[in-house]
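Peer 1: Letter by letter, the chains look like this.
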Amino acid sequence: VTTTGVIGRANRRVAVLFIAPALLVYVVLMIIPTLGSIWISLQEWQGIGDKPTWVGVKNYTALLKDSAFRTSFGNTIFILVVGGVFVFAIALLFTAVLRDGRNKKLLRAVIFFPILLPPVAVGIVWGVLLAPSNGLINGLLTAIGLESWTVVWLSPNLIFKSVTSGVIWIYVGFITTILLAGVDRVPRSLYESAEMDGATHFQQFRYITVPLIWDVAGVAAILWIIVSIRIFEFVYALAGSGTDPSLASWTLGIHMYLVALAARSPVFALGTGSAIATIMLILVGLSVVIVRRVFRRDVVHF
Amino acid sequence: MNSERAKGFRWLVLLFVVALVASACSSGSTTETTSPTDPPGGSGGDALEGTLTYFSLWNEGEPQQVVLAGIIEEFEAANPGVTVEVNWAGREVLTPTRAAISSGSSPDIVDLDAEPLWGALIKDGQTLGLGGVVDMEIPGEEGSTVGDVIPAAFLDIYARDGEPQLIPYELITSGIFYDQGNLSELGIDPPETWDEFLAAMATASAAGQPGVQQDGLENYYNAYWLYWLMIREAGPGAFYEAVSDPTGELWKSDALVTAARDLEAMVTSGAMAKGYDGSSWPLAQQAWAAGDGLFMINGTWLPSETEVYAAEGFDYRMISFPKTDGGFDTAELYLIGWVVPSGSKNLELAEAFMAFALEKDRLSGIASVAKNLTPRLDIPVPAEIQDAADIFASNPEVHRPYDGVQGDFPEYWNTVLLPLDDELFFGQITADEFIEKISQATKDFWANQ
Chain E
1 VTTTGVIGRA
11 NRRVAVLFIA
21 PALLVYVVLM
31 IIPTLGSIWI
41 SLQEWQGIGD
51 KPTWVGVKNY
61 TALLKDSAFR
71 TSFGNTIFIL
81 VVGGVFVFAI
91 ALLFTAVLRD
101 GRNKKLLRAV
111 IFFPILLPPV
121 AVGIVWGVLL
131 APSNGLINGL
141 LTAIGLESWT
151 VVWLSPNLIF
161 KSVTSGVIWI
171 YVGFITTILL
181 AGVDRVPRSL
191 YESAEMDGAT
201 HFQQFRYITV
211 PLIWDVAGVA
221 AILWIIVSIR
231 IFEFVYALAG
241 SGTDPSLASW
251 TLGIHMYLVA
261 LAARSPVFAL
271 GTGSAIATIM
281 LILVGLSVVI
291 VRRVFRRDVV
301 HF
Chain X
1 MNSERAKGFR
11 WLVLLFVVAL
21 VASACSSGST
31 TETTSPTDPP
41 GGSGGDALEG
51 TLTYFSLWNE
61 GEPQQVVLAG
71 IIEEFEAANP
81 GVTVEVNWAG
91 REVLTPTRAA
101 ISSGSSPDIV
111 DLDAEPLWGA
121 LIKDGQTLGL
131 GGVVDMEIPG
141 EEGSTVGDVI
151 PAAFLDIYAR
161 DGEPQLIPYE
171 LITSGIFYDQ
181 GNLSELGIDP
191 PETWDEFLAA
201 MATASAAGQP
211 GVQQDGLENY
221 YNAYWLYWLM
231 IREAGPGAFY
241 EAVSDPTGEL
251 WKSDALVTAA
261 RDLEAMVTSG
271 AMAKGYDGSS
281 WPLAQQAWAA
291 GDGLFMINGT
301 WLPSETEVYA
311 AEGFDYRMIS
321 FPKTDGGFDT
331 AELYLIGWVV
341 PSGSKNLELA
351 EAFMAFALEK
361 DRLSGIASVA
371 KNLTPRLDIP
381 VPAEIQDAAD
391 IFASNPEVHR
401 PYDGVQGDFP
411 EYWNTVLLPL
421 DDELFFGQIT
431 ADEFIEKISQ
441 ATKDFWANQ
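Quick note, the sequences are listed as chains E and X, same order. The first sequence begins at 1 in this note's numbering and counts up by one. The second sequence begins at 1 in this note's numbering and counts up by one.
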């Protein structure tokens, strides 16, 4: 036995001791409830007055045949993909503009602001902004002579697109801030050198900024996957406006809440609710794997 | 030396774990010994003693909460051995209620709208019978029992195995509201039939105001129209039976098809408020109270919700839903009341509280402060909802809100009825398409259960 080996083992023991409390908390508060939820998803259970009955994958197969689930699943994918494309496109644009320039700290604070607001309050305000006759947007369009452009923003055909726009508005600043944190790490000398070589602002962004914030963008994408798949409060407040939202605006989170918990017309189908939660978990896992593959490359040291 | 330290450290960790487990166990037992649901000691005598746990749908500061808090204070003053612990939980009171029940610390009283209480607790046998309350004398009204002052229909509608399970303290109904001044200016009499109602809408529309205002994002309010038309055309129970039919064929009955066509006639009349399909609550009802629109369907809470926006001189009036050729003329009985979950060990205290709270002067706060009807028809009500009170004065036949579908079939209600009703109500599909779609969707729903 070498000295290094003894020290190594001692270090491992110390490491285990340090990790153990956090691991214990994680196992008790995350792993066990998650496994419990997966187990409940294989049962039929109302929570009180009945015992869980094993039904196998019936809750999952029933969901696949359920048009309401197809709607909520489709809406979630819409926010994830379409919302994601817009969030990252706008965030990259902001990143290019806000890299340097005057008042950049103030502007960063302003675009970050929406994420600090309570989502329920934002949802209610958006409901007022998008009101059909006396809302701010239609009111402004009418005031500047564009009455023919006014539309019923929260009508069944448009409501989910309006909801997605709201989600984009909330999260663009958040994603931009993360990307800008990556930009701030890039040495200024690279930009100065590129500028001396005659690179345009766009070329600097394309060939310096984007490659060097690629890892940070990957982290931001994973965060986006998590927040977009479990989005709930804003959609509930905007589309529900005082009651449960109509099916056209359901996301997986709202669907789970309405079937498992105390909605206005409570169902308390805990098995179905847990099945939706498990599907959300799988969806997050799969999306993260895909995004990690897309963003995979050798780490650039600078 | 190192190994001694390591040993010492292991002991410390072991000690810590033991202490943690011990404290968890002891805190568990402390909770048990001080559980508020324990039976009150010495309750066998005349004087009431113990702790009553009450979970309420009201949030602190709401008028009903203020009234109930006052009654609770009086109850505690009248019974010095009794403490009432209240959780003002808000509309989703069933969430903490079910969590408490499943953890073995059930509240003694829960108050909420009767339909969700029926669906979540009563129908599955999760409540204690309250037949005893019906025969209790009301403190302060000697010789008068609860059964004497609350109509039997209000106590029987949520009975299980013939025994009342819910004691109501607030009464609501839905109908069509209007401003008498607006109606008079248009030269219209209050419509009594569906045809007269459509004609009144057309008159308002011709005069430049919407015939009906509606917050279309409130799908429950949208569903009022079809449900009421089905009640009027087919009678109570027809909607419920159509929903319960695994073949979906009952939706194709003549009376229900007629009800859907009645609704189609209204939404395609051109007299609905512009953009009603995208109006977020409460914008349309505010616009209506400000004078923009003739009619608004709603519950009797509408005057208290809109009075701050009401135009000067706004004279709240309400008609019962217009009659159709179907000829069914029942009244909607929407109750808010108390139940005792079956896990409660304080039934006697809970019953005593209910009888105490139903005393005329105490309960009158629901009318005078919260501006709502009470199940005691001898309590005067504010002028804004006098029309609603008049509906019940003649002791009409009553039916459950939404014909009981919301309470008994919540999943169907959320995933089949409301989405398809919205499609019809927003004019996206015709009545005949609606009947075809809901018939098929009903069949699919039951096949998937």
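Hints are computed from structural coordinates only; laboratory data are not their basis. Every residue gets a Cβ at the ideal spot worked out from N, C-alpha and C, and that includes glycine. Just to be clear, a hint being listed does not mean it is correct.
[To be verified] According to the in silico footprint, chain E covers these stretches of chain X (three or more CB under 8 angstroms from chain E):
1) 261-272
2) 365-373
3) 398-411
4) 415-426
Peer 1: Hint by hint, which ones does this structure get wrong, listed from lowest number up?
Peer 2: The structure breaks hints 1 and 2; every other hint is satisfied.
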